[in-house]
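Dock chain B against the given chain A, drawing on the hints supplied.
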Amino acid sequence: MTVTAVRKDPQALSMTLEAEFDASPERVWQLWADPRQLERWWGPPTYPATVTKHELRPGGRVEYHMTGPEGDQPHAYWEVQEVEPPRSLVVRDNFANADGSPNADLPGNEFRVTIEGIGGGRSRMSIVSLFPSTEAMEQVLAMGMEEGLTQAVGQIDAILAADAIAEPSAPRELTDR
Amino acid sequence: MQIAPPDFDRMFGALADHTRRDIVRRAIDGEEGVAELASHYPMSFAAVQKHIAILERAGLVTKQRSGRRKVVRTNVEGLRMARRLLDQYEELWRGRIDRMTEVVNEYTRETNR
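So the protein lines, in turn, are chains A and B.
Going by this note's numbering, the final residue of the first sequence carries number 177, and the count climbs one at a time with no gaps.
Going by this note's numbering, the final residue of the second sequence carries number 290, and the count climbs one at a time with no gaps.
Hints are supplied without guarantee of correctness; some may be wrong.
Straight-line C-alpha distance at most 25 angstroms; calculated SDA-like pairs for lysine to any residue [claimed, not checked]:
no., chain 1, residue 1, chain 2, residue 2
1, A, K53, B, R273
2, A, K53, B, G272
3, A, K53, A, T114
4, A, K53, A, S88
5, A, K53, B, L269
6, B, K240, B, M220
7, A, K53, A, R36
8, B, K240, B, V211
9, B, K227, B, R245
10, A, K53, A, P25
11, A, K53, B, W270
12, A, K53, B, E279
13, B, K227, B, R246
14, A, K53, B, V280
15, A, K53, B, Y284
16, A, K53, B, T278
These are calculated hints, taken from the structure and not from any lab test.
Next up, chain A with everything else stripped away, as it sits in the complex (with noise of 0.2 angstroms):
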């Protein structure tokens, strides 16, 4: 498992994922950077990616869609942010309607990527999520859910322990726009 870390905040709805590869940062960052790769990983089988149009600079545009099991083709994309290849990404992903342009009906999120090494040629990936609202993360879900995963419900436990893994430092800063 190449997951390391995962921190949940359901009062900040936000979720920061750390992940470590067996690879280089440059390497790791071709998984963002070339869109053929980003095509590979982004949807779940059940809702393959076709990515359109790849600027990833401060401004720039990636447009993508993905083609459900029934055929329906919800369209998306990116606004980027910051782009500091090979270390880091900030992404607004928004929805889109078919012909491209922006779906304002859709909320969208944000993410915060960052890669760096740690040695023996390993990298660390770090990805920061944030919500804007509940319906945003549930369209987000609706979209690229894997199937069959409606899985063991999350423990009480945690939910009621939000007070020591609240982090608000970090993901906070994406939310002032």
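Showing chain B alone in chain A's frame:
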């Protein structure tokens, strides 16, 4: 796929306060009434009553009759649903990380060939 029912915004909003989270925690046992709960906090009875009302509207606690008294009890199932939403989001990213690892490993094999 729909993952909706309860009002999650209201629920998370209600949980965004330390005192209210503490009330939710204490009310899991469902043994205390409003007055007893209020005695735990350095604030007025009315203030605690207000917190409980917010939790009630969010569906996180209910007032129930226990003998001759009314007790406040946590809606454990409601809390679980809020938690589940974040759990599902975690699964989404775990799936992505797995696929990323496959892509990286595949390219490594090709360069080593």
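Are the Cα positions of B/K227 and B/R245 separated by 25 angstroms at most? holds, 23 angstroms
Please work out if A/K53 and B/W270 have their alpha carbons no farther apart than 25 angstroms. Roughly 22 angstroms separates the two Cα atoms, so the pair holds.
For a C-alpha distance cap of 25 angstroms, please report whether A/K53 and B/T278 respect it. holds, 24 angstroms
Within 25 angstroms, alpha carbon to alpha carbon, are A/K53 and B/E279? This hinted pair holds, its Cα atoms lying about 24 angstroms apart.
Given the hint that A/K53 pairs with B/R273, test it: the Cα-Cα distance must not exceed 25 angstroms. Holds, at about 20 angstroms.
25 angstroms limit on alpha-carbon distance, applied to hinted pair B/K240 and B/V211: holds, 9 angstroms
Given the hinted pair B/K227 and B/R246, is their alpha-carbon gap at most 25 angstroms? Holds - the C-alpha atoms of B/R246 and B/K227 are around 19 angstroms apart, at most 25 angstroms.
Within 25 angstroms, alpha carbon to alpha carbon, are A/K53 and A/S88? holds, 20 angstroms
Keeping to a limit of 25 angstroms between CA atoms, is the pair of A/K53 and B/Y284 held or broken? OK: A/K53 and B/Y284 at ~23 angstroms, within 25 angstroms.
A/K53 and B/V280: Cα distance at most 25 angstroms? Given pair A/K53, B/V280 holds - Cα atoms ~21 angstroms apart, limit 25 angstroms.
Below or equal to 25 angstroms on CA atoms is what counts here, so check B/K240 against B/M220. holds, 21 angstroms
When you check the alpha-carbon spacing of A/K53 and A/R36, does it fall within 25 angstroms? Status holds; Cα separation ~11 angstroms.
Violated hints are absent here; each numbered hint is respected by the structure.
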